[in-house]
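Chains as they are written, first to last, in numbering that gives the first Met the number 0: chain B, 0 to 302; chain D, 0 to 442.
To be clear, the hints were calculated from the coordinates, so they are not data collected in a lab.
Keep in mind that the hints are not guaranteed to be accurate.
[What the hints assert, rightly or not] Straight-line distance between alpha carbons at most 30 Å, and here's what the computed DSS-like set of lysine-lysine pairs gives:
id : chain 1 : residue 1 : chain 2 : residue 2
1  : D       : K305      : B       : K1
2  : B       : K1        : D       : K37
3  : D       : K256      : B       : K1
4  : B       : K291      : D       : K434
5  : D       : K149      : D       : K256
6  : B       : K68       : D       : K364
The residues making up each chain are set out below.
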Amino acid sequence: MKDVLTVSSSPHLRHPDSTASIMGDVILALSPAAIFGCVLFGLKAVLLILTCVVSAVLAEYVWNKLLKKPNSIGDLSAVVTGLLLAMNLSSAVPLWMAAIGSVVAIIVVKQMFGGLGFNFVNPAMAARIVLLVSFPAAMTVFYEPVRYDAVTSATPLVNAAGEISFKELFFGMHGGCLGETSAFLLLIGGVYLVIRRVIKPIIPLCFIGTVALLSLISGGNVITQVFGGGLMLGAIFMATDYTTSPTTNKGKIIFGIGCGILTFVIREFAALTEGVSYAILLMNILVPYINKATMHKPFGVKK
Amino acid sequence: MKKRESILRPVQRIKGGVNLPHLKATAEKETVVMPAPKIVNIPMSQHIGAPANPCVSAGDKVFVGTLIGEANGFVSANIHSSVSGTVKSVGEVIMNGLPSVCVTIESDGEMEKDPNLKPFKVEKAEDLAEAARACGLVGLGGAGFPASVKLTPNPKQKLTTLVVNGAECEPYITSDYRECIENYNDVLEGIYLIKRVLGLKRVRICIESNKDEAIKKLYEIASDRRDPKDKVKLMRLPEKYPQGAEKVIVYSATGRKVGPGKLPSDAKCIVMNITSIGTLYRFITTGMPLVSKRITVDGTAVSDPKNVIVPIGTSIAELLDFVGEIDENASKILMGGPMMGIAMNDKNAVVEKRNNGITVMKEAKPLKTTPCIRCGRCVQYCPMNLFPAMVEAAALKNNVETIKTLNVNACMECGSCSYVCPAKRPLVQSMRLAKAQLRRESK
């Protein structure tokens, strides 16, 4: 027994989960789809992921050094941001462009607003939008899968002819962003996160459900709408970002449905292809208001 | 023949709460009795309310059970000597950094019982409160609230249900469980007595499902009672911390919600800890007041954990010597379990009435606190439906206006929020800070 005793506030027992372990789980959940993207689009995809991750981590490191802040790259959140950004880009995007995206995500969107936990929009999503409006041409070139040469192919959403079978669509044998093609692998990642209790399934279910329902009502192709674009990646991995999604279950439902409606409206009526990204971004901005409106009463207080 | 009624399931389940490791290594070990310590320091304030007035002076000869401190007012409790011997001094002793009025008694090692102790006759409701007062009984689950107060009949409030709290949801601690196993007769007879005297309609003996032995034991004996006046029901509660918190257990047992600032009596319930009932019954039958406590001594640094019957006022140092080998890297002594226990800075602090465990922990790496990522786990697991992360943000900025909107006083500091926080933020500490800021503001 030591002579000097340690005094600290209760509780003296903590759950093993940490910020880093949660981020690690997200990386693990993303990896099947990311690896599949690499198989589909080849070396360029591998380089794109590496560029995004390394430049995101580097940007965070340099920012902390310059501002004499404690080094925070150990929490792995920069890795997640970089990986998510890469998965949201076409493998045809030049690497320097991707690096700019990472720097924007980390420095402008995250650190300038106070760092981890204080950004009001999803960094990877915002960076993607920044790249999209800055380099519209380069951002909408997509490679044909497996044939690694520079054959451009439209994504299933744009390719209204609908010549892709459900199987190809579901398992991801089609053009598109690096990590968004395989709905199957993204779903596996999502299920893993739910089982590990990293995320709750509320937002993805409401989001995807709303999109499916609205396209069904409007007479659109539900399968293409749900499995074709970036909906799976967006709903499972981007809309569930802790910092930029509501806290309460009720808030999560509102947020998910709102994302779904906006995605449908943008896809259907706007001249934009990036329905999911804009929808999540817009709903991110509403989160403080949703949080305020859905605060629950303490135990035993009547409504 | 009437069909036997089975063990009940909870009426309601709480939304929050966490699943903790149980770590109940002492569950199947027989309780051992600690020999008389050389000296005891018995504090006059071991309960919520006014400290007792010492009624002995240096040089007086006392026995086990002799009154040494008289309850000072309605919300207070009697204090009795836990050893036989001579009063050495009456006055302030520095204990865990704070001065505390104590009666210090040098033990003669005989543990001689006070010859004046005699059984207490309980016939009507007033007698029960009187018995609790004479016994010096306080809430033994940890709250330390004088039991006589809640047993005093209030003509405005009709009580219908006795909720017997045997949840014991803190990890390590098995003291209530051992009470059920070793003194089941006192517990059950005490329950029958309280039910009859207070004219209660229902009794719910609530025990967590990880203590099935206790549930079965009490069930078996209770179902042999044929008298319909003595009908009691066992309830198996889910293993979810903080199941034993008063408001949580009332909700589980009856489905009634006790709101912030309200008491179980507002929901027509009286909640009593299982050991409290056993102790009260022993006092009524033998006259021996509350002078010793069953303490679970466990934790990562204890090589041979056990339950020990300890005279109140025994120092932790002496208790740990009796229990045996403590790891040389032990650096934390907790009064209570690891979730709500208070870290001591003084090994000479003493065992009090409301203690039921001493947890000794090995030195651990200090936790690295990282920024809140707004994962919402603290909100999701809070049994009182509060927003701990928002309270923390407001408290750290001393933003009292925001704190006022967040109902911090409903927080019972169970520690679920801090336990689940992946950023390892000291949320409970911030809750206390917020409460203090509110108190300062209202002054």
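- Task: Enumerate the violated hints, using their earlier numbering and listing them in ascending order.
- Result: The structure breaks only hint 3.
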